[in-house]
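Q: Here is what each chain is made of, one letter per residue.
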Amino acid sequence: MITALLIVHGLIAVALLGAITHQTLAALAPAGAGTHSFFARFRRVPPASFANAFVVLYLLSVLLGSVIYLQFRTDVRPILERDREWQAIGLFDLKEHFITIGLGLLPVYWVCWRRPMPNDSGRTRTAVTAIFAFIVWWGFLMGHVLNNILGFGG
Amino acid sequence: MTSARAFRRFAFTFGGVVPVLYVVALFRDIALFTVYPSLGLVMLGTHHSRDVADPALGFLAPEMYWYGWTATATLGGLAAGLAATLVPDRWTQRLGSVWVWVLPLLGILGCVYFELPWFRR
Chain A
1 MITALLIVHG LIAVALLGAI THQTLAALAP AGAGTHSFFA RFRRVPPASF
51 ANAFVVLYLL SVLLGSVIYL QFRTDVRPIL ERDREWQAIG LFDLKEHFIT
101 IGLGLLPVYW VCWRRPMPND SGRTRTAVTA IFAFIVWWGF LMGHVLNNIL
151 GFGG
Chain B
155 MTSARAFRRF AFTFGGVVPV LYVVALFRDI ALFTVYPSLG LVMLGTHHSR
205 DVADPALGFL APEMYWYGWT ATATLGGLAA GLAATLVPDR WTQRLGSVWV
255 WVLPLLGILG CVYFELPWFR R
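For the record, the sequence lines run as chains A and B. Quick note: the first sequence uses our numbering, first residue 1, plus one each step. Quick note: the second sequence uses our numbering, first residue 155, plus one each step.
Heads up, a few of these hints could be off.
[What the hints assert, rightly or not] Which bits of chain B does chain A cover? Going by a derived footprint, with three or more residues having C-beta under 8 Å, they are:
#, stretch
1, 158 to 165
2, 181 to 188
3, 223 to 230
4, 236 to 246
[Unchecked claim] Negatives, chain B to chain A, calculated, CB over 10 Å:
#, residue
5, His202
6, Met218
7, Leu270
These are calculated hints, taken from the structure and not from any lab test. A virtual CB, placed ideally from N, CA and C, is assigned to each residue, including glycine.
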């Protein structure tokens, strides 16, 4: 059961990663109309359209992660401690902290993309989106680092 | 429009306050509740199983604080956000919106500092 949850958690994380990467690049460096490279097409998405999906995916991912985390604490972390994988523990702890900071930022993110005010500069929106990109990439990569260290659920 | 502005005030306050309270909860060890996953137990407040047991037996009842820290920060953020909806718009406009991403960045740095001991072992 926990392995199935972990796979679903991973799939949601992939979708989250795709959405936030598209959105961040589109916000940071909007593509010009004349360019047709892969990178330009990657950035030429309507970034606001990702916002609702991102919020739902983020919440789902946190919810699943919270459930899986219970088993991680009882079954996986003691082994990491036994094997003195201190850095791995620290990296994963950072993941949990960053996820909570992201939870706090979620309403701001949504307001910035879906209910912007006419006098908004866009800097706040870009900064918040970039912070989310960092959090999601960190969470994804550290999840994989931990998963691959011991073969979680194997 | 009024409710949209109120929600905006809530969101911006919540987004700035949660990272700060989370870092305070980390450093001051203020978890709203403690989870003992192996026992299926949730206890109100911050509890350290090694306070009462032999330290060598700590692995029998590992405690989890992340849920409690998150709850502490979220509740505080909710309270601050709701309070912000009650104040006039001009009060919050005067503060600007930079802090809504600066405080999370500082929060991230605070968390990194908190976890540094793992990387010095």
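Q: Decide, hint by hint, whether the structure agrees.
A: Right, here's what the structure says about each hint:
Using a Cβ-Cβ cut-off of 8 Å, 5 residues of the stretch 158 to 165 of chain B lie near chain A, which meets the minimum of three, so the contact claim holds. Requiring three or more residues with a Cβ within less than 8 Å of a Cβ of chain A, the coverage given for the stretch 181 to 188 of chain B is violated, as only 0 such residues are present. Here the stretch 223 to 230 of chain B counts 4 residues with a CB under 8 Å from a CB of chain A, which clears the bar of 3, and the coverage holds. A count of 0 residues in the stretch 236 to 246 of chain B with a Cβ less than 8 Å from any Cβ of chain A is obtained; the coverage claim is therefore unmet, three being the minimum.
Listed as a non-interface residue, B/His202 keeps its Cβ farther than 10 Å from every Cβ of chain A; the least gap is roughly 15 Å. Here B/Met218 does not stay apart from chain A, with its beta-carbon only about 5 Å from theirs, under the 10 Å limit. Under the 10 Å C-beta cut-off, the non-interface status given to B/Leu270 relative to chain A is violated; the minimum distance is some 8 Å.
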